[in-house]
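Sequences are here, hints too, so could you generate the full structure?
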Amino acid sequence: MNNISLERVRDDAYAIPLDRLDVSEASRFQNDTIWPYFERLRKEDPVHYCNDSLFGPYWSVTKYRDIMAVDTNHKVFSSEVSNITIIDRTEEERNPMFIAMDPPKHDEQRKTVSPIVAPGNLAKLEGLIRSRVSAILDGLPRNETFNWVDKVSIELTTQMLATLFDFPFEDRRLLTYWSDVATTIPQAGQEIDSWEKRASILSECLAYFTRLWNERISAEPRSDLISMMAHSPATRNMAPREFLGNLILLIVGGNDTTRNSISGGVWFMNQNPDQMRKVRGNPALVPSAVSEIIRYQTPLSHMRRNALVDTNLGNKEIKAGDKVIMWYISGNRDDEVIENADSFIIDRKNPRQHISFGFGIHRCVGNRLAEMQIRILWEEMLSRRFDINVVGEPERVSSNFVHGYSALPVRIAA
Amino acid sequence: MPTVKFLEFDGSEHKIEVSVGTSVMRAAVDNGVPGIDGDCDGQCACATCHVFVDSAWLPQTGERTPTEEELLGFASATEPNSRLACQIKMTNALDGLVVRMPAGQH
Ligand code: HEM
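Chains as they are written, first to last, in my numbering: chain V, 1 to 414; chain B, 1001 to 1106.
These aren't lab readings, by the way, just hints derived from the structure by calculation.
It is possible that part of the hints are untrue.
[To be verified] Facing chain V, from chain B, some residues (calculated, C-beta under 7 angstroms):
| # | residue |
| --- | --- |
| 1 | T1022 |
| 2 | C1040 |
| 3 | D1041 |
| 4 | G1042 |
| 5 | A1045 |
| 6 | C1046 |
| 7 | E1068 |
| 8 | F1074 |
| 9 | S1076 |
| 10 | E1079 |
| 11 | G1104 |
All C-beta atoms, glycine included, are put in the ideal place defined by N, C-alpha and C.
Pasting the structure below:
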């Protein structure tokens, strides 16, 4: 966007009467103009009530420390009594999954899934991931414009998911498809035009996985996710809807988020050539660059909680039943906690101190896996001395939840 | 100043002087001791400063807080002597404290 239109967006963000400021409009995420609106809220009304939006009335929590306070207080702010994103869903439309549960059920189920993405197990996967990354990179076209999102970001995350589930490799793009369907809100004229259509596609997903489950429950326990769920006392008696819910959680959790960090990283490095030079000159900075990419991208713009009792946050009275949105995307730009938060600095002092993974009992269980994938990708790109040029503006997704890209045109010099 | 001995998973030793009142997590992170991350900066909100307290020191380091207990429930490879280092504040009585790190933080 050029400077004049940026100015105009800023003026608009500061001109809207506060009580009409609604940061949930998806178009502002799609055209990347959301920033001044959050900046204003952080300055003028950090815990902000919007009583009229497409999604009904809701609170916006926009500063790092307030978000932390909500995220770590699950006794007051529930993940279970309503949906976990800004859009309301009926009980029937919601898939039961542990990201959307409070203790004790959340804790039991999380403990089952957690070991597979714990450091010890990840170390075993590192070699396989590296060889798959290498194969993808070595197969990329040279001197030819292509979509990085499709050829690298999606392909790599899909292969990782297939590995985690030990999912038939040739069918792996089904995982991407189901993930997309699961995060789609049905719209007339689109491929998914009704909740029934969505449900029917997801029931195919369930059927496929049920087949894998049945094979694995009668076999010796192995270290893939399906086998672990089939053999663990906490999960082996899950109802089909709950099984589907947890599958979707793992597929979506490990898909869009990592995918968009992979795309975002290439875009940010291109916009900040000095940072690219830094990491080229010193590959030991890769882990720190990975954290900075994840902060700067904030792949999930928000998570939602629901107040169980009347409570006070930032001197505002939140009532029992109110919808509370934690805008991670804003917390990650909070200058009070993160110095020069608007700048992309790969060797900043505390790169791990960002809020993209949330905090508290729901903190992203896959965070080490995501970091490892992105780290390996950058290590392999650097060792190949890739010169990746972004040759056009990225296309962004129209969503206030998934913060990401549908296209990033690039060209690799031969 | 009292000192803390950090033992990395591979056995490497780091002896660090820690001023009274500073948390064991802070001391590790500020002195670049590998194996402790402290992603939440000591808010007891993430479990990435998981350590094993040497059994001789267990009585002096006190009890886990309820939030700490909950988060340790999700950490990998916990033992009865697992603690979050951000919840152990340095005192003179802890001079010589020994903590070991797990294979990785999660
Ligand atoms: C850069 C990549 C990723 C980002 C930014 C991300 C972000 C998040 C966020 C914000 C939450 C909710 C935190 C909260 O409510 O406090 C979450 C939870 C979760 N994520 Fe991730 N995630 C990423 C990668 C992954 C991967 C690779 C997996 C797959 C293993 C995964 C699986 C999950 C699961 C299962 C939960 C639910 C945890 C719970 O409720 O206890 N995520 N993630």
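Do the hints match the structure? See the list:
Among the interface hints, the one on T1022 of chain B is violated; its C-beta lies about 16 angstroms from the nearest C-beta in chain V, farther than the 7 angstroms criterion. Hint on C1040 of chain B holds. Least Cβ distance to chain V is approximately 5 angstroms, under the 7 angstroms limit. Taken as an interface hint, D1041 of chain B checks out: its beta carbon lies about 5 angstroms from the nearest beta carbon of chain V, inside 7 angstroms. Against a cut-off of 7 angstroms between C-beta atoms, the interface hint on G1042 of chain B is violated, since the closest Cβ of chain V lies about 10 angstroms away.
The beta carbon of A1045 of chain B comes within 4 angstroms of a beta carbon in chain V, closer than 7 angstroms, and the hint placing it at the interface holds. Of the supplied interface hints, the one on C1046 of chain B holds, with its beta-carbon coming within about 6 angstroms of a beta-carbon of chain V, less than 7 angstroms. Annotation: interface hint on E1068 of chain B violated; nearest CB of chain V at approximately 12 angstroms, more than 7 angstroms. Below 7 angstroms, beta-carbon pairs count as interface contacts, and F1074 of chain B has one with chain V at about 6 angstroms; its hint therefore holds.
Restraint check, S1076 of chain B versus chain V: the minimum CB separation of about 4 angstroms is within 7 angstroms; hint holds. Nearest Cβ of chain V to the Cβ of E1079 of chain B: about 14 angstroms, over the 7 angstroms cut. The hint is violated. A distance limit of 7 angstroms between C-beta atoms decides the matter here; for G1104 of chain B the minimum to chain V is near 2 angstroms, and the interface restraint holds.
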